[in-house]
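**Student:** Since chain A is already given, all that's left is putting chain B on it; use the hints.
Chains as they are written, first to last, in the numbering used here: chain A, 1 to 337; chain B, 1001 to 1337.
Hints listed in this document are in silico derivations from the structure and should not be mistaken for laboratory results. Cβ coordinates follow ideal geometry from the N, Cα and C atoms, glycine included. The reader is advised that the hints may include incorrect statements.
Stretches of chain A that chain B covers, calculated by requiring three or more beta carbons in the stretch to come under 8 Å of a beta carbon on chain B [as the list claims (entries may be wrong)]: (1) 216-228; (2) 266-278.
Straight-line Cα separation of at most 30 Å, DSS-like style, residue types lysine-lysine; simulated pairs [as the list claims (entries may be wrong)]: (3) B:K1106 - B:K1148; (4) B:K1053 - A:K148; (5) B:K1053 - B:K1161; (6) A:K128 - B:K1220; (7) A:K331 - A:K164; (8) B:K1106 - A:K244; (9) B:K1120 - B:K1053; (10) A:K311 - B:K1220.
There are 2 protein chains.
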Amino acid sequence: MFAVHDFLKSAQTGAVAVAAALLLVTSAKAQSDPLPSWNDTAPKAAIVSFVEKVTKEGSPDFVPEPERIAVFDNDGTLWVEHPMYTQLAFALDRVKAEAAAHPEWKDKQPFKAVLEGDMKALAAAGEKGLVELIMETHADMTHDEFQKVVSEWIATARDPKFNKPYTELVYQPMLELLAYLRANGFKTFIVSGGGIEFVRPWAEQVYGVPPEQVVGSSIKTQFQMRDGTPTLFRLPQVNFIDDKAGKPVGINAHIGRRPIAAFGNSDGDLEMLQWTTMTGGSVRFGMLIHHTDADREYAYDRKSEFGRLDKALDAAAINNWTVVDMKADWKEIFLEK
Amino acid sequence: MFAVHDFLKSAQTGAVAVAAALLLVTSAKAQSDPLPSWNDTAPKAAIVSFVEKVTKEGSPDFVPEPERIAVFDNDGTLWVEHPMYTQLAFALDRVKAEAAAHPEWKDKQPFKAVLEGDMKALAAAGEKGLVELIMETHADMTHDEFQKVVSEWIATARDPKFNKPYTELVYQPMLELLAYLRANGFKTFIVSGGGIEFVRPWAEQVYGVPPEQVVGSSIKTQFQMRDGTPTLFRLPQVNFIDDKAGKPVGINAHIGRRPIAAFGNSDGDLEMLQWTTMTGGSVRFGMLIHHTDADREYAYDRKSEFGRLDKALDAAAINNWTVVDMKADWKEIFLEK
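Bound-form chain A, shown alone (with noise of 0.2 Å):
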């Protein structure tokens, strides 16, 4: 949060300066620990170990540099994702931001359930109500117009929680992990089963992530010259589900090299991982984030009704996956402003 985050906003407001001083002084941190936010447990150990193997030039685990791909499911890896993921929640806010210009909605599931805040309704119309709503949301605009909805949905939305911005419930930890990585020749992916063009707009101000460096969902997309002016159209049509199996495919499709190392925090995430781990050669790193932490953030795994951690878990047993505990590997969960 702290370094990315806060340099990218003091230079747009021209306070360079600071910024730079804030800089200075971060990676003077940096060098003495470049994970200060984890604890000396194990797998702290294991992830610096990783890096010093890979980086370690006449090593038999060397790897050259343009191969330092490292890729990191979003929601519950990188940020919150309880109670629910924050682009429902983008969702939810849509649907009541436009319910005026929809009066049929008042009568129309799952719409209905939106506006009258019943969360139980609005589960019961399941996944296919849930396209519905992404669709209604997502779709029918220009890929511009759906940019500019994102950014500033983000600049104001609050979690109810913690009532704080969503992009300031990044975890520190793995914001560092994501620096460290960088410094050490990798290129960062974001593999979210979230929609592509949700994460886009932030993630390189919030994790450093530029826009060419996130996979995720998506709807189908079509060109248009609208008055003399070509447009991408967002059309309300699933092209692609980045999440469990997907994920594998989603990585090819975008980046064209088997990751070195994954890190992602539930069952949507096991494809990705035994894509980047299993290949019997060389060295590699799979690491799952555990919600142990019931006080700080949340407790959820294997009986979850939401982002379950499962068959991952039992998976990570099985393939030598580093398992964080939040509660015990983690100094800080949040960065305190």
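**Tutor:** Chain B in isolation, oriented as in the chain A frame:
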């Protein structure tokens, strides 16, 4: 060709010192003239003027480095596309190589036409026949297997007219342009109508463009565990056609920012150049390579049955795109070895 290709080849065989020396010579030369294979005509001046504008800090046309995205068509823009797309030559060779395992092809079009070298019958099979050929030769194998087949073929196949490997039929002026843009903070992407997985295995060595910066057409892939090993399996179904109106869609899907410079050579690149340049805002650059040199390469445009440059040539005049006359504007076309 020279710098990147030879450097990588040499480095791989251990002759690092020689390659490094070559690189020093190349960069010394580049300092005096970054585009030595371009004649001092209008297109070269237009390129240099554009790059100087967008890289000059404080200038109203300045573009921050992360936004310096340049997109290049491949066939006919970076390498020779006549008398047929190289990928088609690959498909025909694959049919011949696999014919023994497919005795039924002897009597089945379009395979019969390929095996008999009957190009007229092949043309008569049309687009449907072409898709059949592609599916038979590009699918029903794992991603890794296909990469291996492409790599082996590109290392040995030769263009019949020039009697050279296809990877030596890349345009030296365009290699210089790619390097010049990168030296000025641009990220260079290939946006090909051809198959993304046909270009990726050699694009880094030949063009200096890594796999994650290649956009192209694709077939569907599926994640499968095979004998306990995760694989991506190539299915005989079209996923995406990255041509014409598909190019802006592919660009947005992969890059997520609008390019500021686009380079093409045919009507297949029209929408890509429109999407890049027609924004009404900041300074942009569009360029078309016009094949005018029947002696050194080929001459074709509006009436060509293949790789037609017609509507895009009209649009160039309206939109102020730079048109390269290969015969007049390029001092060298290929690097003589």
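**Student:** Decide if the proposed pair is consistent with the structure: K128 (chain A) and K1220 (chain B), CA atoms, cutoff 30 Å inclusive.
**Tutor:** With Cα atoms ~24 Å apart, K128 (chain A) and K1220 (chain B) stay inside 30 Å; holds.
**Student:** Given the proposed pairing of K311 (chain A) with K1220 (chain B), does the C-alpha separation stay at or below 30 Å?
**Tutor:** holds, 26 Å
**Student:** Measure nothing beyond the straight line between the CA atoms of K331 (chain A) and K164 (chain A); if it is 30 Å or shorter, mark the hint as holding.
**Tutor:** holds, 20 Å
**Student:** When you check the alpha-carbon spacing of K1053 (chain B) and K148 (chain A), does it fall within 30 Å?
**Tutor:** The hint holds at about 28 Å.
**Student:** Holds or violated: are the alpha carbons of K1106 (chain B) and K1148 (chain B) at most 30 Å from each other?
**Tutor:** Judged against 30 Å, a Cα distance of about 27 Å means the pair holds.
**Student:** Examine the stretch 216-228 of chain A: at least three residues should have C-beta closer than 8 Å to a C-beta of chain B.
**Tutor:** holds (count 6)
**Student:** Compare the distance between the alpha carbons of K1053 (chain B) and K1161 (chain B) with 30 Å, and conclude whether the hinted pair is satisfied.
**Tutor:** violated, 41 Å
**Student:** Would you check the hint for K1106 (chain B) and K244 (chain A), treating anything up to 30 Å between C-alpha atoms as holding?
**Tutor:** violated, 42 Å
**Student:** How does the coverage statement for the stretch 266-278 of chain A fare against chain B, requiring three or more residues with Cβ below 8 Å from a Cβ of that chain?
**Tutor:** holds (count 4)
**Student:** Below or equal to 30 Å on CA atoms is what counts here, so check K1120 (chain B) against K1053 (chain B).
**Tutor:** violated, 50 Å
Checked against the numbered hints listed earlier, the structure breaks hints 5, 8 and 9; every other hint is satisfied.
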